[in-house]
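Line order of the protein sequences matches chains A and B. Start counting the first sequence at 1; every next residue gets the next number (this note's numbering). Start counting the second sequence at 292; every next residue gets the next number (this note's numbering).
Take these hints with a grain of salt, some might be off.
Not close to chain B: a few residues of chain A, all C-beta gaps over 12 Å, as computed [what the hints assert, rightly or not]:
1. Thr79
2. Tyr163
3. Ile197
If you want the footprint, here are the derived chain B segments under chain A, 3+ residues with CB under 8 Å [claimed, not checked]:
4. 330–339
5. 358–370
6. 440–447
7. 463–475
8. 539–547
Honestly, the hints are just simulated from the structure, not real lab data. The structure displayed is predicted, hence computed values, not measured ones. Beta carbons: idealized from backbone N, C-alpha and C, even for Gly.
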Amino acid sequence: MEVFLAQLVAGLSIGGIYALVAAGMNLLLLVRNIMNYSFAYVVLMATYFGWMAMEATDGDPALGVITMFASALLLTVVTEPLFRVMASRNAPLEAVVVGVGMGMVLTEVMSQFIHQGRPLVFPSALTSWGPGMSHGLFVVSFPQVVAIVVGVLTVVGLLTFLYRSKQGRAFRAMAQDLGTARIIGIPLTRAGVYSFILAGLMAGIAAILVSSALSTSSAPLADLLALKATVVVLVAGGGNLVGGFLLALAVGVAESLTQAYMPGRWSVALVFGILMVAIIARPNGVFGSRS
Amino acid sequence: MSPAITLFLELVAVYILMTWALYLPFKAGQLFNGPVYTMAVGGYTAAYCVQSLGWPLPAALALAVVLAAFFGFIPALGFARTRGIATAMGSIALIFIVQSVLMNLDFLGGPAGIKRLPRLSYLLPMAYGFVVVIGVLLSRLERSRMGRAMEAIAADADFAGTMGVSVSWVNVAALTVASAIGGIAGVIYTFVIRSIQPTTFGFTLLLYVWAMLFVGGRYTMWGAVVAAPLLWGLPQLLPGQATSYTRIILGCLLAIVIVAAPNGIISRDLVNRVSSVLSRAPHDGDQTRARATLTQREEEGEDV
Numbered sequence: 001m002e003v004f005l006a007q008l009v010a011g012l013s014i015g016g017i018y019a020l021v022a023a024g025m026n027l028l029l030l031v032r033n034i035m036n037y038s039f040a041y042v043v044l045m046a047t048y049f050g051w052m053a054m055e056a057t058d059g060d061p062a063l064g065v066i067t068m069f070a071s072a073l074l075l076t077v078v079t080e081p082l083f084r085v086m087a088s089r090n091a092p093l094e095a096v097v098v099g100v101g102m103g104m105v106l107t108e109v110m111s112q113f114i115h116q117g118r119p120l121v122f123p124s125a126l127t128s129w130g131p132g133m134s135h136g137l138f139v140v141s142f143p144q145v146v147a148i149v150v151g152v153l154t155v156v157g158l159l160t161f162l163y164r165s166k167q168g169r170a171f172r173a174m175a176q177d178l179g180t181a182r183i184i185g186i187p188l189t190r191a192g193v194y195s196f197i198l199a200g201l202m203a204g205i206a207a208i209l210v211s212s213a214l215s216t217s218s219a220p221l222a223d224l225l226a227l228k229a230t231v232v233v234l235v236a237g238g239g240n241l242v243g244g245f246l247l248a249l250a251v252g253v254a255e256s257l258t259q260a261y262m263p264g265r266w267s268v269a270l271v272f273g274i275l276m277v278a279i280i281a282r283p284n285g286v287f288g289s290r291s
Numbered sequence: 292m293s294p295a296i297t298l299f300l301e302l303v304a305v306y307i308l309m310t311w312a313l314y315l316p317f318k319a320g321q322l323f324n325g326p327v328y329t330m331a332v333g334g335y336t337a338a339y340c341v342q343s344l345g346w347p348l349p350a351a352l353a354l355a356v357v358l359a360a361f362f363g364f365i366p367a368l369g370f371a372r373t374r375g376i377a378t379a380m381g382s383i384a385l386i387f388i389v390q391s392v393l394m395n396l397d398f399l400g401g402p403a404g405i406k407r408l409p410r411l412s413y414l415l416p417m418a419y420g421f422v423v424v425i426g427v428l429l430s431r432l433e434r435s436r437m438g439r440a441m442e443a444i445a446a447d448a449d450f451a452g453t454m455g456v457s458v459s460w461v462n463v464a465a466l467t468v469a470s471a472i473g474g475i476a477g478v479i480y481t482f483v484i485r486s487i488q489p490t491t492f493g494f495t496l497l498l499y500v501w502a503m504l505f506v507g508g509r510y511t512m513w514g515a516v517v518a519a520p521l522l523w524g525l526p527q528l529l530p531g532q533a534t535s536y537t538r539i540i541l542g543c544l545l546a547i548v549i550v551a552a553p554n555g556i557i558s559r560d561l562v563n564r565v566s567s568v569l570s571r572a573p574h575d576g577d578q579t580r581a582r583a584t585l586t587q588r589e590e591e592g593e594d595v
């Protein structure tokens, strides 16, 4: 029971990270109708920058957190012009290819030029602050709890923004019908830049959560995170924020439990296999597509 | 021929086949990345049959192609209903699944794969034999009913459906044939390298094949023929310490070409212009002129 609870909390915290990344990709899918596959790689690249900043200054966690946040925001916004071209050409497939290409470039940088390609381990000032809980086999670190709470809060905040603010209404109008959105006077280019800034903020939060709750970061992790977030977005239904959020939490928990109770080496194939069947059975997503 | 040149030519043939395997579904508007994993299926089948069961290569090749087509056909039944991003990402997820399954199958060697395959002397002619046969079939397809149906689906799937094209059947056929071509490429690749590992059939391979498809030109079959030797050859000419930048260069090149030159090197216009120059043989000059006058009169709205 203790193992089960600890795995549940760990799964929910990983699920919170998936939910954040999936929400960022969903936002761009809604506003720009592009799947930004490089989004998860940007998150992991930001954790690398934060780690480098902490290495240079003897592990100052505040500086690391600020560096992660700033670099995630910058890396996301810098790619906006590239995806703007794809969005204006209405070329979603080409956007996927560009995203994978950029993800590959970031993977190479992470796996060849930083820390000789070894996985990063973040200092304990970042990973085990606050009151930890441990009761026999039940061990939960405070950052894990923070990851769950922050993941939920960010997605709730994004939904509130989309449904309560003027800019959010403009985003939803663009998701509904681009032509009409232009006619009623929404500045499409500026709104597109705003959506990338918003996604960049979410990438920054996700980077901080990855480094503190998982306490490690590596290039293979980026591959897995990118693929899982993308598949979660597709299975839940492109642009469906609530569905994506719930499914991301479910995937995190399922993964954590299969790792604890099943021969671990099959867990990746199993989770992806189930998600693949779901995509093929329901091409518009289990919860329906909104894009 | 020196061994280095033979190896280069054999691998170029493999990449031409792989690029065509992605080009074929793209004609119907599907970015299907499945050939990357059916290449693994084909390669592993042939390697296992030859190495552990002692089969001759032709028999192993036949089984490999059938299995590769089968492993493409099953998901193709589902992908016939999905389009665009869902097909592209779903097939990438399949690459990951197959890689992870191969890592865990002990009778196929696990992460180490199958090593020390026999050397075959007739690989180069066999590889280019396949390139020629599949190339001829593809160029026949351009003018066939099936080819036109695929282009109609790529332009507008719903409209193609109302015009009597069976969208899902054409999709399943294109994806299955593409998977079979991937299987052939896998068999050739495995016996060129003479070993096979699961890690080969991942994102790096996909990046190479995408680069060849998009840089060469994804709207004609000739893009692959130009881009495969170019993109496989250039990194070989780089000095030793620059090889670690190959994938970074490929990723950037892919993004630049897609943004700046969406048609790639060989566009459809270029192919049309070249073929009209080639077909304008001296003796049928009058005929060409007659055809030109006819088109002119049509354009002017005369009744012809």
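How about the region 440–447 of chain B: do at least three of its residues have a C-beta closer than 8 Å to a C-beta of chain A? Coverage by chain A is violated here, the residue count being 0 at a Cβ distance below 8 Å.
Non-interface claim for A:Thr79 versus chain B (Cβ beyond 12 Å): Per Cβ check, A:Thr79 is inside 12 Å of chain B; nearest 9 Å; violated.
Nearest-CB test (12 Å) between chain B and A:Ile197: holds, 21 Å
Okay, the region 358–370 of chain B and chain A, do three or more residues pass the C-beta test at under 8 Å? holds (count 4)
Tell me whether the statement that chain A covers the region 330–339 of chain B is true, taking a Cβ distance below 8 Å and needing three residues at minimum. Violated, because only 0 residues of the region 330–339 of chain B bring their Cβ atoms closer than 8 Å to Cβ atoms of chain A.
When I compare C-beta atoms, does the region 539–547 of chain B have three or more residues closer than 8 Å to chain A? Holds: 6 residues of the region 539–547 of chain B have a Cβ under 8 Å from chain A.
With 12 Å as the threshold, tell me whether A:Tyr163 passes as away from chain B on beta-carbon distances. holds, 25 Å
Do three or more residues from the region 463–475 of chain B put their C-beta atoms closer than 8 Å to C-beta atoms of chain A? violated (count 0)
When the structure is compared with the earlier hints, violations turn up for hints 1, 4, 6, 7 and for no others.
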